[in-house]
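Q: Residue numbers (our numbering), protein chains in the order written: chain X, 1 to 177; chain U, 1 to 177; chain Y, 1 to 177; chain C, 1 to 177.
Keep in mind that the hints are not guaranteed to be accurate.
Each computed DSSO-like pair below joins lysine-lysine, with the alpha-carbon atoms no more than 27 Å apart [said to hold, decoys possible]:
no. : chain 1 : residue 1 : chain 2 : residue 2
1   : X       : 24        : X       : 155
2   : X       : 155       : X       : 57
3   : U       : 57        : Y       : 5
4   : C       : 60        : X       : 7
5   : X       : 149       : U       : 149
6   : X       : 5         : C       : 7
7   : X       : 60        : C       : 7
8   : Y       : 126       : Y       : 32
9   : U       : 60        : Y       : 7
10  : Y       : 60        : U       : 5
11  : X       : 155       : U       : 24
12  : Y       : 155       : C       : 24
13  : X       : 24        : U       : 155
14  : X       : 7         : C       : 57
15  : U       : 24        : U       : 5
16  : Y       : 149       : C       : 7
17  : C       : 155       : C       : 60
18  : U       : 32        : U       : 57
19  : X       : 57        : C       : 155
20  : C       : 60        : Y       : 24
21  : Y       : 24        : Y       : 5
22  : U       : 7         : U       : 32
23  : U       : 5         : Y       : 149
24  : X       : 7         : C       : 149
25  : X       : 126       : X       : 177
26  : Y       : 24        : U       : 7
27  : X       : 5         : C       : 24
28  : U       : 60        : Y       : 60
29  : C       : 7         : X       : 57
30  : C       : 125       : C       : 155
31  : X       : 60        : C       : 5
32  : C       : 126       : C       : 155
33  : X       : 60        : C       : 60
34  : Y       : 5         : U       : 60
Think of the hints as simulated: they come from the structure by calculation, not from any bench.
4 protein chains.
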Amino acid sequence: MNAQKVKNVGVIGYSGNPYETPIKEIAELCLKLGEELGRRYHVFTGGRDGVMELVSKGVKSVGGFCVGVLPWEGEDSNEYNDVVIKTGLDFQMRSFILVKSVDAVISVGGEIGTAIEILAAYANKKPVILLRGTGGWTDRIADVLIDGKYLDNRKLVEVYQAWSVEEVLEILERISK
Amino acid sequence: MNAQKVKNVGVIGYSGNPYETPIKEIAELCLKLGEELGRRYHVFTGGRDGVMELVSKGVKSVGGFCVGVLPWEGEDSNEYNDVVIKTGLDFQMRSFILVKSVDAVISVGGEIGTAIEILAAYANKKPVILLRGTGGWTDRIADVLIDGKYLDNRKLVEVYQAWSVEEVLEILERISK
Amino acid sequence: MNAQKVKNVGVIGYSGNPYETPIKEIAELCLKLGEELGRRYHVFTGGRDGVMELVSKGVKSVGGFCVGVLPWEGEDSNEYNDVVIKTGLDFQMRSFILVKSVDAVISVGGEIGTAIEILAAYANKKPVILLRGTGGWTDRIADVLIDGKYLDNRKLVEVYQAWSVEEVLEILERISK
Amino acid sequence: MNAQKVKNVGVIGYSGNPYETPIKEIAELCLKLGEELGRRYHVFTGGRDGVMELVSKGVKSVGGFCVGVLPWEGEDSNEYNDVVIKTGLDFQMRSFILVKSVDAVISVGGEIGTAIEILAAYANKKPVILLRGTGGWTDRIADVLIDGKYLDNRKLVEVYQAWSVEEVLEILERISK
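Turn these sequences into a full structure, and let the hints steer you where they fit.
A: In structure tokens form, the structure reads like this:
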């Protein structure tokens with residue numbers, strides 16, 4: 001871990017069976033993202049299946065560290081979490097604890113829950129990196145950015161767009177200075 | 001109150017000083033919306049200033065009933081709430097209690113907090129009516145609707161678009177059948 | 001409603017079937033408490049069965065007003081709530097919203113959930129009135145009061161003991177001055 | 001870490017300046033507790049000052065691992081937390097996330113917040129070990145145990161009493177079988 005500002009990175013995205021569409025199409029990307037993040041940062045996810053599981057698997061494959069911030073009583077934790085936080089909150093309310101606890105958020109595809117997490121990160125002034133080309137709300141939200149980088153007129157924090165894992169890492173490094 | 005399915009209606013939108021732009025430009029609309037809703041439904045808002053205050057003022061001007069679901073300890077309640085719920089939660093987390101407690105949500109303008117409320121309503125399967133032409137996220141979200149009425153591929157509930165208070169009332173009546 | 005400081009009163013206590021022991025033994029007391037409170041205050045409860053239901057039934061029998069602050073999605077609301085708040089939180093976390101939203105709390109019997117509510121009220125500086133003789137934690141907590149009226153050394157607010165509904169009303173009136 | 005059922009242990013107790021009464025009188029005990037727990041378990045605390053800070057200092061002095069579950073935005077984290085969870089919730093509501101996330105809870109002294117945490121642990125069926133002789137609610141609650149070990153008639157889980165750090169460790173080992 002470098003002595004840098006960004007220490008804890010959250011990853012959000014599609015939930016669901018990782019071996020079914022649309023997640024299986026981005027499975028390699030998620031594993032790679034997990035590996036690269038796992039070498040550099042503590043990785044926080046919502047602790048469940050889908051993108052969360054694949055990224056965490058990647059993190060653990062390189063000996064990294066995963067925190068899962070789970071809804072309700074944490075029953076559906078995947079097997080890759082070093083620390084499981086059981087929030088007692090529903091899916092969306094628990095997302096706010098996830099974004100508050102990290103320094104930056106990376107978004108991969110995703111349905112309504114991911115959309116709420118993108119906005120929650122922005123509302124909590126956490127930089128969001130959209131991993132473009134992964135579909136869902138990660139691509140959809142890019143269409144409504146103000147000045148190409150804000151989610152409202154208050155311009156609370158910047159939303160970044162990356163087209164590869166390498167670009168995600170570059171942005172993380174840049175915002176850590 | 002009719003014997004209808006929709007009994008409790010939430011109104012979300014811009015917070016801030018009601019006598020400054022952009023809120024003052026839609027002040028008359030908010031008052032009228034409050035009056036019409038106040039004659040038919042219990043009206044729930046986030047209990048604070050901006051659109052919340054103007055709509056609630058309208059509700060009370062016709063003898064209607066307002067519930068304010070407030071963040072933190074409820075210090076910033078406007079003067080029009082009959083019941084004040086002090087949630088102890090931050091601005092956004094408390095929004096989930098607001099949308100869970102109503103049968104439908106009407107959106108008027110709004111910055112990031114309103115965007116989260118629109119998505120929160122949809123995620124909780126509550127019909128959302130966008131009062132178009134009021135700016136902010138109410139208009140912006142319309143651009144990314146799937147099939148013109150959904151907020152993700154799960155098609156959890158319909159998002160409606162109205163261009164006047166009359167149209168809002170018609171939609172509410174229609175979804176109450 | 002008098003122009004008094006205490007406007008909203010919370011009632012906490014045993015949950016469970018109101019027609020079984022131990023609740024059935026205090027059913028008349030709960031109904032009477034509800035009637036008397038309903039003539040004077042807005043009554044807030046946890047919105048479910050047991051003491052909550054009996055008190056709310058009493059409130060409604062005199063045309064009073066009930067707010068139910070419910071766990072999860074509010075599925076188990078009793079039939080006497082005028083306003084139902086669906087908190088999305090578990091049984092105990094939702095209790096904090098209940099005590100924050102009222103000016104004073106009356107405790108009737110109760111198991112662990114009631115104990116947490118008594119302490120939650122005190123931690124939030126809300127006066128608690130123990131209706132003694134009703135069993136459970138309402139009587140048990142009386143044994144560990146510091147100086148007969150505090151729940152910790154910070155002496156945040158007073159805990160009162162009443163042995164009848166009349167005494168409860170007197171105390172409420174006294175602390176409203 | 002042994003392959004045992006108890007992996008994550010929570011420690012609750014007095015907040016406040018660790019170098020002032022009453023905390024300074026039990027400072028050595030807290031450090032020792034931290035050292036012994038740190039060699040065996042992941043240690044979760046509320047992440048702030050007082051007992052939390054002293055125990056975490058002990059944990060880190062032996063190379064152990066600390067998770068701090070903090071209120072609000074986590075501003076007041078002590079310097080010994082490896083993972084900081086920022087819950088956005090008030091002091092007491094965040095305590096529920098702490099107790100839900102661990103396998104057992106150890107209580108040391110404490111005012112009202114600690115009392116709520118003891119009851120929260122019990123309500124969530126987490127075994128509680130009272131470190132007796134440390135004052136506050138840890139000793140006070142012992143006086144109202146039902147059958148010497150339960151906190152209500154539902155007998156959800158056992159409350160244990162230990163008079164030394166060694167005894168705490170023995171109990172943890174026993175309940176891990």
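Q: Evaluate each hint against the coordinates.
A: Cross-check of the supplied hints:
Taking the CA atoms of residue 24 of chain X and residue 155 of chain X, the gap is about 35 Å. The hint is violated against a cut of 27 Å. Straight-line distance between C-alpha atoms of residue 155 of chain X and residue 57 of chain X comes to about 35 Å, which puts the hinted pair past the 27 Å bound. Restraint check for residue 57 of chain U and residue 5 of chain Y: satisfied, since their Cα atoms lie roughly 23 Å apart, inside the 27 Å limit. In summary, the hint linking residue 60 of chain C to residue 7 of chain X is supported, as the alpha carbons are separated by about 19 Å, within the 27 Å threshold.
Our distance criterion of 27 Å between C-alpha atoms is met by residue 149 of chain X and residue 149 of chain U, whose separation comes to about 25 Å. Restraint check for residue 5 of chain X and residue 7 of chain C: the C-alpha separation of about 30 Å exceeds 27 Å, so the hint is violated. Between residue 60 of chain X and residue 7 of chain C the CA atoms are separated by roughly 19 Å; this keeps the pair inside 27 Å, and the hint holds. Taking the CA atoms of residue 126 of chain Y and residue 32 of chain Y, the gap is near 23 Å; set against the 27 Å cutoff, the hint holds.
Pair hint residue 60 of chain U plus residue 7 of chain Y holds up; C-alpha atoms about 19 Å apart against a cutoff of 27 Å. As the CA atoms of residue 60 of chain Y and residue 5 of chain U are separated by approximately 22 Å, the hinted pair is consistent with the 27 Å bound. This hinted pair checks out: residue 155 of chain X and residue 24 of chain U have alpha carbons roughly 22 Å apart, not beyond 27 Å. This hinted pair checks out: residue 155 of chain Y and residue 24 of chain C have alpha carbons roughly 21 Å apart, not beyond 27 Å.
Between residue 24 of chain X and residue 155 of chain U, the direct Cα distance comes to roughly 22 Å. Compliance with the 27 Å bound is thereby established for this hinted pair. Note on residue 7 of chain X and residue 57 of chain C: the hinted pairing holds, with a Cα-Cα distance of about 21 Å set against a maximum of 27 Å. Using a Cα cut-off of 27 Å, the hinted pair residue 24 of chain U and residue 5 of chain U is violated, with the two alpha carbons roughly 33 Å apart. In summary, the hint linking residue 149 of chain Y to residue 7 of chain C is not supported, as the alpha carbons are separated by about 39 Å, beyond the 27 Å threshold.
At most 27 Å may separate the alpha-carbon atoms for a hinted pair to count; residue 155 of chain C and residue 60 of chain C exceed this at roughly 35 Å. For the hint pairing residue 32 of chain U with residue 57 of chain U, the CA-to-CA distance comes to about 10 Å; that is within 27 Å, so the pair holds. For the given pair, residue 57 of chain X sits about 40 Å from residue 155 of chain C by alpha-carbon distance, which is inconsistent with the 27 Å threshold. For the given pair, residue 60 of chain C sits about 54 Å from residue 24 of chain Y by alpha-carbon distance, which is inconsistent with the 27 Å threshold.
Between residue 24 of chain Y and residue 5 of chain Y the CA atoms are separated by roughly 33 Å; this puts the pair beyond 27 Å, and the hint is violated. With a C-alpha separation of about 19 Å, the suggested pair residue 7 of chain U and residue 32 of chain U falls inside the 27 Å cut-off, and the hint holds. Of the pairs offered as hints, the one joining residue 5 of chain U and residue 149 of chain Y is violated, with about 47 Å between alpha carbons and a cut-off of 27 Å exceeded. Distance hint between residue 7 of chain X and residue 149 of chain C is unfulfilled; the C-alpha atoms sit about 43 Å from each other, more than 27 Å.
For the proposed pair residue 126 of chain X and residue 177 of chain X, the alpha carbon gap of about 15 Å is at most 27 Å, so the pair holds. Restraint check for residue 24 of chain Y and residue 7 of chain U: the C-alpha separation of about 33 Å exceeds 27 Å, so the hint is violated. Between the alpha carbons of residue 5 of chain X and residue 24 of chain C the distance comes to roughly 34 Å, so the proposed pair goes past 27 Å and is violated. Only pairs whose Cα atoms come within 27 Å are accepted, and residue 60 of chain U paired with residue 60 of chain Y is accepted, the gap being roughly 23 Å.
A hinted pair counts as satisfied when its Cα atoms are at most 27 Å apart, and residue 7 of chain C with residue 57 of chain X qualifies at roughly 21 Å. Between residue 125 of chain C and residue 155 of chain C, the direct Cα distance comes to roughly 9 Å. Compliance with the 27 Å bound is thereby established for this hinted pair. Proximity of residue 60 of chain X to residue 5 of chain C is assessed by CA-CA distance (about 22 Å); at most 27 Å being required, the pair is judged to hold. With a C-alpha separation of about 12 Å, the suggested pair residue 126 of chain C and residue 155 of chain C falls inside the 27 Å cut-off, and the hint holds.
For a cut-off of 27 Å, the pair hint linking residue 60 of chain X to residue 60 of chain C stands: about 23 Å separates their Cα positions. Between residue 5 of chain Y and residue 60 of chain U the CA atoms are separated by roughly 22 Å; this keeps the pair inside 27 Å, and the hint holds.
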